[in-house]
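Asks: Could you put the whole structure together from the sequences, leaning on the hints where they help?
These protein sequence lines map, in sequence, to chains A and B. Last residue of the first sequence? That's 1500 in the numbering used here, and every number before it is there in order. Last residue of the second sequence? That's 1500 in the numbering used here, and every number before it is there in order.
If you are wondering where the hints come from, they were derived from the structure by calculation, not from laboratory data. Please read these numbers as outputs of a predicted model, since none were measured by experiment. Glycine is no exception: its CB is placed at the ideal position from the N, C-alpha and C atoms. Some hints could be false.
[As the list claims (entries may be wrong)] Listed below are several chain A residues computed to face chain B (Cβ distance under 7 Å; list not exhaustive):
id: 1; residue: T1196
id: 2; residue: L1257
id: 3; residue: V1262
id: 4; residue: N1281
id: 5; residue: E1320
id: 6; residue: A1324
[To be verified] Using C-beta positions, here's what the derived DEER-type ranges look like:
id: 7; chain 1: A; residue 1: G1303; chain 2: B; residue 2: G1220; range: 32 to 38 Å
id: 8; chain 1: B; residue 1: R1422; chain 2: A; residue 2: G1220; range: 48 to 54 Å
id: 9; chain 1: B; residue 1: A1398; chain 2: A; residue 2: Q1202; range: 57 to 63 Å
id: 10; chain 1: A; residue 1: P1365; chain 2: B; residue 2: S1188; range: 24 to 30 Å
id: 11; chain 1: A; residue 1: R1195; chain 2: B; residue 2: D1331; range: 29 to 35 Å
id: 12; chain 1: B; residue 1: G1404; chain 2: A; residue 2: T1429; range: 45 to 51 Å
id: 13; chain 1: B; residue 1: D1437; chain 2: A; residue 2: D1443; range: 40 to 46 Å
Number of protein chains: 2
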Amino acid sequence: MEENQKPKAAALDALVALVDSDMQGVNRTIVERMQSPVALIPQLAGHIVAAGGKRLRPLLTLSAAKLCGYRGDRHVKLATCVEFIHTATLLHDDVVDESELRRGRQSANAVWGNQASVLVGDFLFSRAFELMVEDGNLKVLAILSRASSVIAEGEVAQLITTNDTDTDEAAYLEVIKGKTAELFAAACEVGAVVAGRPEAEERAMRDYGMALGIAFQLVDDYLDYSAKQEALGKTVGDDFREGKLTLPVILAFQRGSDEEKTFWRRCLEDLEQTPDDLPHAMALMQKHGSLTETLERARFYGEQARRALDAFPDAPVKTALRDIVDFCIERAY
Amino acid sequence: MEENQKPKAAALDALVALVDSDMQGVNRTIVERMQSPVALIPQLAGHIVAAGGKRLRPLLTLSAAKLCGYRGDRHVKLATCVEFIHTATLLHDDVVDESELRRGRQSANAVWGNQASVLVGDFLFSRAFELMVEDGNLKVLAILSRASSVIAEGEVAQLITTNDTDTDEAAYLEVIKGKTAELFAAACEVGAVVAGRPEAEERAMRDYGMALGIAFQLVDDYLDYSAKQEALGKTVGDDFREGKLTLPVILAFQRGSDEEKTFWRRCLEDLEQTPDDLPHAMALMQKHGSLTETLERARFYGEQARRALDAFPDAPVKTALRDIVDFCIERAY
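Replies: In structure tokens, the structure reads:
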């Protein structure tokens, strides 16, 4: 796999290279616009921003705009909005998930506490809307304000399905569409809207982002049970310890014997876990092929994402966006 | 005081009566627009909405629009936005303050937990922006998105000043302007903007709201150390237990002997408190006149609010808005 992996990781670099100066504009705008006379705000926001991450979502806005032939500079500010909304949800997720590690660093929550994470998240979210209002396009505002509601709905839906082994694949799909894929979709759609493209292309960009986002989250949920995860500086089994009903678990539970179902309920509903339980859970997933099937689903949505790009003429950025689909999926290997 | 009090409480009723059908529209819109297929959202939002409260902020938007001669119905949706933003901050405050009681009922946080409070707050906040975007006025969007940032900044500033006895009156004023008065100001300003009034009137309405909001919060901070508080179904001394540096404390600390300063530091910085400490703190405030002076400041800002109304022609709604200033202050008695 090592040999295959390099070209895939290179896909991200290729896309970054195509929108390099715009992306530098985004990075500058992020730093400029997270400023506040209240010093804790840029401190805490800077912590999560410095942690870097791939900046995949603003990258999608920039690339979508490029694919749609946009030549202005409004997309830089809008890509910053998208990243601020994402950062705000990360900060609020830290409260939500009590996650100890985020991108291999201490979470903001662990350093500054719940209260600061919530409030700085609120600030970034508000600032995102200020940036959108400065841009002044009501269609963009409608897309991103709706996306924000849908994200919150997805996060609440996830809260409800957590510790509930009755959760089925359809409910899971609704959760990940809301909490993850909607912002991918909106990030892409905004790129087409800013370019003033016909509705069919806006729709195609949105479909691309939605399918990519679903694939991305499926791989994330796969990785939580994968040895590969440790290489990424994240702990394995976070979802298991929190009792999250992700697809690998849902499929293994549904296919499990009564005895296995009792095991899953104890671990995920009652959260009564011993150190042996995670390895046992992973063995059950292996036995029922639920990890492999999760990746198959990711590949299915990846294919949908690639097909959505058919609406656009060939161009280096189209190739790069297609390769990004592979990148998102192949990081599982 | 009893005899004076009735007409003051009646001031709120008088204002409500003047915009009654609009207010019913707001109440309907609140219930309609907090709906979501994710059942926990309307459940939790309904809990805090059912708790009622005075709906002072949307009332200000409706009254300001009326004072400015507005005759359409856009203000109903915008007043709903204002209330949604307020409700979102209440939900996030519950995480922040670990407050046990809110309006005499169990806080949403105590019932559903931190995570749900954060996420449903996010939903209401996003929904507020969706409503604004539906309205489609960029000036309104600019006012309310900026207000949201300023509120978050005020809340973070409060977090920083908590447990810090070095906090002075200027820092305190910045905190309450941000966390409370800014939304009062924006709520009023939006009423003038929707009516398409000249900038001087927008400014006057904003000034009215800002001064009223400051007075309102000063009285709130006074009430936290007042016996009157218990009659309102709230506990006394919440701010003391959390180590919040409100004006009654700031003034008493500054005027205190070295021994008293040591007392304040132990209680508010180290949060080492015995049951005798709150009564002792209240006695010190009495001794230094800091509670009385807090009310005097409230009256000063109340007078500023009243003066801001001079820009408008006499009308029943102007009288009612003037009386509302008294109502906000006199609830201290």
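Asks: Each hint: holds or not?
Replies: Verification of the supplied hints:
no.	hint	result
1	T1196	violated (16 Å)
2	L1257	violated (12 Å)
3	V1262	holds (5 Å)
4	N1281	holds (6 Å)
5	E1320	holds (5 Å)
6	A1324	holds (5 Å)
7	G1303(A) to G1220(B): 32 to 38 Å	holds (34 Å)
8	R1422(B) to G1220(A): 48 to 54 Å	holds (50 Å)
9	A1398(B) to Q1202(A): 57 to 63 Å	violated (44 Å)
10	P1365(A) to S1188(B): 24 to 30 Å	violated (43 Å)
11	R1195(A) to D1331(B): 29 to 35 Å	holds (33 Å)
12	G1404(B) to T1429(A): 45 to 51 Å	holds (49 Å)
13	D1437(B) to D1443(A): 40 to 46 Å	holds (43 Å)
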